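Asker: Protein sequences, first through last, are from chains V and E. The first sequence: position 255 = 255 (my numbering), numbered continuously. The second sequence: position 54 = 54 (my numbering), numbered continuously.
The hints are simulated quantities; they were obtained by calculation from the structure and are not laboratory data. Since the model is a prediction, treat every value here as computed from it, not as a measurement. Glycine residues also receive a C-beta, built at the ideal position from the N, C-alpha and C atoms. Mixed in with the good hints there might be a few duds.
Unchecked claim - 25 Å max Cα-Cα, derived PhoX-like pairs, lysine-lysine:
no., chain 1, residue 1, chain 2, residue 2
1, E, Lys141, V, Lys139
2, V, Lys215, V, Lys32
3, V, Lys215, E, Lys141
4, V, Lys76, V, Lys32
Said to hold, decoys possible - Quick look at which bits of chain V chain E covers, simulated, 3 or more residues with Cβ under 8 Å:
no., segment
5, 92 to 106
6, 114 to 127
7, 131 to 139
To be verified - Pulled a few chain V residues facing chain E out of the computed Cβ check, cut under 8 Å:
no., residue
8, Leu82
9, Arg109
10, Ile111
11, Ile266
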Amino acid sequence: MSRAEEHARAIRETLRRDTRGRPASLVLNAPKIVELCDVWLSFETPVLRGVDLWAREGETLLVVGESGTGKSTLLKLILRLLTPDRGTVRVFGMEMPRLSFEQVLAVRRRIGMVFQYAALFDSLTVYENVAYPLRENTKLLEPDIRHIVRERLRFVDMNPDVVSNLLPGELSGGMRKRVGIARAIATDPELILYDEPTAGLDPLAVNTITRLIRKLQVELGVTSIVVTHDLRAGFRIASRVAMLRNGRILFDGSPEDMVAASDPYIEAFLRAS
Amino acid sequence: MTRAVMAIDERLRTVALGAQDYATLALRATRGIVTRPFYWRDTFEQMDRIGVGSLPIVLLTGIFTGMVLALQSSVELVRFGANIYLGNLVAASMVRELGPVLGALAVAGRAGSGIAAELGAMRVTEQIDAMETMGTDPIRKLVTPRLVAGLVMLPMLTIVMDVIGILGGLLVSVMRVQLGADVYLRGVWSAFAVSGITFGIVPRDFVSGLLKPIVFGGIITLTGSYYGLRAGGGTEGVGRATTRAVVASSMAIFASDYFITQLLLVLLPPPR
Numbered sequence: 001m002s003r004a005e006e007h008a009r010a011i012r013e014t015l016r017r018d019t020r021g022r023p024a025s026l027v028l029n030a031p032k033i034v035e036l037c038d039v040w041l042s043f044e045t046p047v048l049r050g051v052d053l054w055a056r057e058g059e060t061l062l063v064v065g066e067s068g069t070g071k072s073t074l075l076k077l078i079l080r081l082l083t084p085d086r087g088t089v090r091v092f093g094m095e096m097p098r099l100s101f102e103q104v105l106a107v108r109r110r111i112g113m114v115f116q117y118a119a120l121f122d123s124l125t126v127y128e129n130v131a132y133p134l135r136e137n138t139k140l141l142e143p144d145i146r147h148i149v150r151e152r153l154r155f156v157d158m159n160p161d162v163v164s165n166l167l168p169g170e171l172s173g174g175m176r177k178r179v180g181i182a183r184a185i186a187t188d189p190e191l192i193l194y195d196e197p198t199a200g201l202d203p204l205a206v207n208t209i210t211r212l213i214r215k216l217q218v219e220l221g222v223t224s225i226v227v228t229h230d231l232r233a234g235f236r237i238a239s240r241v242a243m244l245r246n247g248r249i250l251f252d253g254s255p256e257d258m259v260a261a262s263d264p265y266i267e268a269f270l271r272a273s
Numbered sequence: 001m002t003r004a005v006m007a008i009d010e011r012l013r014t015v016a017l018g019a020q021d022y023a024t025l026a027l028r029a030t031r032g033i034v035t036r037p038f039y040w041r042d043t044f045e046q047m048d049r050i051g052v053g054s055l056p057i058v059l060l061t062g063i064f065t066g067m068v069l070a071l072q073s074s075v076e077l078v079r080f081g082a083n084i085y086l087g088n089l090v091a092a093s094m095v096r097e098l099g100p101v102l103g104a105l106a107v108a109g110r111a112g113s114g115i116a117a118e119l120g121a122m123r124v125t126e127q128i129d130a131m132e133t134m135g136t137d138p139i140r141k142l143v144t145p146r147l148v149a150g151l152v153m154l155p156m157l158t159i160v161m162d163v164i165g166i167l168g169g170l171l172v173s174v175m176r177v178q179l180g181a182d183v184y185l186r187g188v189w190s191a192f193a194v195s196g197i198t199f200g201i202v203p204r205d206f207v208s209g210l211l212k213p214i215v216f217g218g219i220i221t222l223t224g225s226y227y228g229l230r231a232g233g234g235t236e237g238v239g240r241a242t243t244r245a246v247v248a249s250s251m252a253i254f255a256s257d258y259f260i261t262q263l264l265l266v267l268l269p270p271p272r
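Extracted from the complex, chain V is given alone in its bound form (with noise of 0.2 Å):
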């Protein structure tokens, strides 16, 4: 068998294996919560040449690609982080370019962010850190928020007695993935975007955060877009997937049609994979 077999092969597998336990891939009917319509954006070169991708709830979209693609950049314009030089970047129904500073915060409120490399803030301790949101946006007291905190940190399989006190600088990457994802659910997002989750893993961390993923959409069935180059870990989650080729959706469907496709760039990217 041929090195290319095996890794389809293999890949095959994960999605056999994975797809049990996996919410109904595609949900068809529902709304669409981020509509993205023809959106081009350059920098000093064009990095988006006319994008049209949405994900409806609950749902998790994998959006693949090599680096450099923008594939980062669409989680920017999907928070405008970043606005788009053309075309319509929708929210929870709301034009995100058109909205008001405040009106943003608003909206950015009820989307969770797990950052690539977790993006903690360092001055202040775990407990701090997933406390943070609940702190900012909500009114709610003190040992109300405790009770969340620890709640959250042990949703994330993290002990809030072993780790509250910690500072993010004692942490190791996985675990300061698992408290990025604690912080990002801690105000019950509808949204939960992911930026390379499990860039810089080691394979059992990888393990760890993906299981954390499919969690939050089968115990709370929250809308997902991951953004990643890690494949293999990517199809386990996804319900649908996105290829960024040259600034352009080159595919979009299931993982599985995705494995079937006969475009040649998609076999070599899954072969290199």
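We have chain V; now place chain E onto it with these hints.
Answerer: Coordinates of chain E only, in the frame set by chain V:
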């Protein structure tokens, strides 16, 4: 030729855009002072860092400035038999110029660079993006508390610097110039009296000496924040932002010092 013109045009455009960004930052940070939400805890923390934290360097700068000023001046004054005016000279120089300017430069070197480094590190590690995604306005949360701390603490540090500088001058006056403490202190008081009284009670020098540090406090904290928030390119970018913040705020302190002095001479003319 065309290339040179285009380069100048590009440079001017960059400067104009930078000035616009700086003005926007200043406006938004100032708006944060008068509109909710207020970050009191962060503000007091910054007051402690910028004010109390800068106290040792301001004390050292102040005492040595006063001492060397008295020492250098005494050499000239003795030649004309005018060393009884040593107190006048030290007090007027400290309160009008040296206290506010040297104090601000010391704070720019210590706290201004610290602000740029801290915010720069937060920018390159995506902590500021994280803050924004959690619905926090980073300017309100990070810049406004620093601005308030600068506006409040710089005048206080300047008062400390003026007092300690005048005391440094007293030390030299008594121990090196053999001028009595009473003569020196009478000179100090007369310097303030001669400068005139504003608003019926405040010596004119105090107005100028305390208005300047308020402006300098704003310049130091806003410039540090501006360069910190724009940092990019990893740790090297943070280093660059820190250096630029200190250089730019030092230049701005000198330039604004001249214009404030000129303005006050027009608005509050000294007695004839």
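Asker: Taking the hints in turn, state whether each one holds.
Answerer: Hint by hint, here is what the structure shows:
1. E/Lys141 - V/Lys139: Holds, at roughly 17 Å.
2. V/Lys215 - V/Lys32: holds (22 Å)
3. V/Lys215 - E/Lys141: violated (33 Å)
4. V/Lys76 - V/Lys32: holds (18 Å)
5. 92 to 106: n = 3 at 8 Å, threshold three: holds.
6. 114 to 127: holds (count 7)
7. 131 to 139: holds (count 4)
8. Leu82: violated (11 Å)
9. Arg109: holds (4 Å)
10. Ile111: holds (7 Å)
11. Ile266: violated (30 Å)
Comparing the model with each earlier hint shows violations of hints 3, 8 and 11; every other hint is respected.
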